[in-house]
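Engineer: Protein sequence lines, in the order shown, are assigned to chains A and B.
The first sequence lines up with residues 0 to 439 when you count with numbering that gives the first Met the number 0.
The second sequence lines up with residues 0 to 439 when you count with numbering that gives the first Met the number 0.
Since the hints were made in silico from the structure, they are not lab data.
Take the hints with a grain of salt, since some may be wrong.
Identical copies carry no separate label here, and so any pair may be met within one copy or between two of them.
[What the hints assert, rightly or not] Derived lysine-lysine pairs resembling DSS-like cross-links, with alpha carbons at most 30 Å apart:
#1 Lys58 <-> Lys185
#2 Lys184 <-> Lys139
#3 Lys382 <-> Lys101
#4 Lys58 <-> Lys264
#5 Lys153 <-> Lys264
#6 Lys83 <-> Lys313
#7 Lys153 <-> Lys30
#8 Lys382 <-> Lys261
#9 Lys383 <-> Lys80
#10 Lys313 <-> Lys139
#11 Lys331 <-> Lys78
Treat the numbers as computed from the prediction; the structure is a model and nothing was measured.
Number of protein chains: 2
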Amino acid sequence: MQRTLIGDLGQQIGQEVTIKGWVSVRRDQGKMVFFDFRDRTGTVQGVALPASPAIEVAKETRNEYVVAVTGKVNERPEKNKNAKVQNGDIELEITGIDILSKAEALPFDMSADGYNLELPTELDHRALTLRHPRVQAIFKVQATIIDSFREFMKQEGFFEFQAPAIVPATAEGGAEVFEVKYFDKKAFLSQSPQLYKQIVMTAFERVFSVNKVFRAEPSVTTRHLTEVVSLDAEMAFIDSWRDVRDMSEACVRYILEQVAEKNAKELELLGATMPSMIAETPTLSLTEALEKLGAPADKDLNPEQERRLCEMIKEETGSDFVYVYGYPTKQKPFYVYPNPENPEFNEGMDLLCRGVEWLSGGRRINDYTQLMEHVEQWGMDPKKIEMFLEAFRYGAPPEGGFAFGAERMTMQILGLKNIREATMFVRDMNRIDQSLSEEI
Amino acid sequence: MQRTLIGDLGQQIGQEVTIKGWVSVRRDQGKMVFFDFRDRTGTVQGVALPASPAIEVAKETRNEYVVAVTGKVNERPEKNKNAKVQNGDIELEITGIDILSKAEALPFDMSADGYNLELPTELDHRALTLRHPRVQAIFKVQATIIDSFREFMKQEGFFEFQAPAIVPATAEGGAEVFEVKYFDKKAFLSQSPQLYKQIVMTAFERVFSVNKVFRAEPSVTTRHLTEVVSLDAEMAFIDSWRDVRDMSEACVRYILEQVAEKNAKELELLGATMPSMIAETPTLSLTEALEKLGAPADKDLNPEQERRLCEMIKEETGSDFVYVYGYPTKQKPFYVYPNPENPEFNEGMDLLCRGVEWLSGGRRINDYTQLMEHVEQWGMDPKKIEMFLEAFRYGAPPEGGFAFGAERMTMQILGLKNIREATMFVRDMNRIDQSLSEEI
């Protein structure tokens with residue numbers, strides 16, 4: 000019989016159907032066996048009654064067995080209905096169970112309520128824990144974030160390109176960059192598609208990419224990984240950095256709206272509260288921000304100050320977000336555009352939310368002469384960025400862009416404590432899928 | 000004045016507008032200067048007449064200068080209209096030119112007709128050649144291929160995940176795999192998301208990914224790169240490998256339709272002829288294919304045989320495509336599902352088009368016991384694929400999937416001679432962006 004998806008069973012009351020999926024829960028009550036079955040569209044309760052031709056197979060079945068189950072969709076008696084769960088008003092009266100694949104006894108409790116693993120165990124057993132609704136909810140939200148980013152950029156006329164992972168020796172030096180044995184030469188893993196997106200911008204004006212970036216972070220924190228998904232955009236013909244600010248704000252707003260709309264169930268399951276983005280996100284220069292905090296000028300914000308600033312803004316305006324712009328020019332990369340009226344400060348910006356940075360960006364230098372001056376002042380080797388420099392040597396419009404990490408945004412939206420929870424296959428100093436403590 | 004996009008000028012006849020873009024062509028005719036201007040939406044001709052307040056600036060302007068141009072949109076006299084080019088019925092009468100960015104003299108002819116570079120030169124100057132309409136057309140088609148793949152998979156209920164680039168030591172051995180210095184350990188670059196997509200399939204049933212894969216191919220051919228974009232899909236609860244065949248066929252059909260619809264202009268510019276996919280793509284077992292070719296059985300198809308088979312099928316049916324399935328089990332990876340009725344042959348498949356492979360896939364082993372037998376027979380170390388094996392130890396449905404390379408499909412659809420033409424930032428044995436012949 001044709002498979003019916005569990006999510007569609009509500010329209011099949013009184014019908015005989017076949018579902019296919021996994022046994023999430025099995026309760027053997029002697030004469031009868033109760034089940035929770037699961038497929039990609041949800042869960043449903045089933046029961047094998049004493050007279051069911053499937054009662055013997057039902058007794059053999061175990062958690063995580065893959066089964067094809069035939070039965071009749073019955074409406075539950077009023078007193079047994081549960082409006083809080085999917086298919087809480089129906090039950091499948093099982094007439095046949097076909098075991099498609101057996102499972103060994105589970106190494107830990109995978110039930111919705113009993114699941115309570117330490118993070119290292121969850122990651123060690125990612126192949127199994129990925130089946131848990133709570134874990135799935137995180138990655139469903141992440142998929143929405145990434146897809147909504149692409150959707151928004153396409154709506155705004157941005158062109159998608161594929162930024163490379165393998166890069167030649169970087170001009171900015173070798174700190175925290177992974178080295179690749181490239182035949183008889185050395186190559187490296189990209190830390191950012193920054194220079195590539197600027198190159199492609201000079202040809203396509205508005206560009207974006209969803210690509211991996213790599214950082215050889217030699218420390219283990221709750222916020223750092225060695226491999227993450229970077230969402231990058233770059234736009235030409237801006238009038239000022241404020242055009243970049245506005246585009247990034249509209250992008251984040253769109254993503255938040257899409258997550259709220261498409262992942263309401265997941266947000267509820269995870270107990271997550273979406274951050275509030277008001278009509279116009281408060282925007283302060285670094286100098287204004289430090290002043291507001293009563294801190295000495297000329298320094299960057301430290302993490303504690305970022306937290307306090309977000310609290311103050313939230314209290315004053317209701318906004319969970321705040322833009323800070325205008326950082327000390329010399330402290331930022333060579334390509335960031337200095338404010339023409341006050342070149343000690345640049346037109347770079349960060350978007351903070353709930354105390355941490357969500358996104359950064361700003362205006363870039365597009366004038367070739369000014370770019371070459373910075374290359375010299377920053378002590379860089381122009382040969383190592385020749386392709387980038389070529390793009391600007393032959394006419395490049397005023398431009399800027401922004402970037403953020405998919406895992407970090409997932410973590411922040413969902414209020415997770417560790418970025419590893421928002422990463423399907425974790426790579427850090429001590430782990431590639433599994434712990435590296437045993438020599439591989 | 001607000002910027003008008005060049006693609007919208009046709010609706011502005013008689014109006015004064017400001018466009019922003021690049022100077023593609025400049026013809027100084029003494030008293031007058033003619034231009035072709037270019038932005039992301041197309042090109043338009045402009046003229047600075049002798050009495051124009053912009054005539055002096057027009058004479059200073061050079062190719063690839065970035066400009067903001069103000070002028071009046073005039074309908075051309077009937078005899079000067081050219082229906083074959085965009086905006087061929089209008090002309091911009093220039094009243095002002097604001098130079099936003101200058102360009103040095105170009106190292107080669109970038110005009111639409113004069114552009115004629117050897118491939119190595121095109122790649123050495125990717126930052127500049129990316130501006131050429133012919134080069135842009137290729138990557139616009141590629142963006143459609145990638146985006147249509149995602150669109151199709153989402154329509155079919157597939158979940159997008161991010162496959163990792165950095166992987167631990169692979170169980171299949173170290174041939175053609177790049178090594179990464181991973182702190183004090185070794186890691187590698189993924190050759191395929193195969194095992195990861197199978198893992199995620201056991202949790203989400205239907206999954207896809209768009210991710211980089213890497214191959215340390217120690218030879219320089221027209222078809223191989225070290226870094227490519229792999230489009231991967233995997234689906235659970237199949238009845239047979241034919242479900243995978245059907246899904247992959249529908250996917251390719253959708254991509255072809257989208258390219259034909261969205262990139263008609265680019266296909267015309269590149270002189271490309273889309274391959275013909277008939278209602279049901281001819282599908283032969285390897286044995287049948289060899290028999291048809293009059294070749295001895297039990298061998299795989301060689302490139303010459305693939306070409307001849309495609310020609311024969313095209314002649315007989317009109318189809319540019321043909322599926323071949325049922326390869327010798329021992330010659331393929333351990334996870335491919337052997338035909339239960341004839342275990343010497345498996346349920347793997349390839350889709351050929353115009354003489355070359357476009358896509359491969361097939362059914363995989365989902366039974367844990369059978370999988371472990373193969374692991375042993377293939378001489379693999381189960382510890383090195385422990386996460387993969389865990390997914391199948393705890394109940395995995397009958398399943399299969401397919402994969403193809405974005406660059407290769409771009410190359411084949413467009414009839415390009417070298418895969419490097421279909422790659423924005425080429426990585427091969429001799430090149431990472433630029434030639435590696437100079438030590439970096």
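Engineer: Can you give the numbers of the hints that this structure goes against, from lowest to highest?
Structural biologist: 1, 2, 4, 6, 7, 8, 9 and 11
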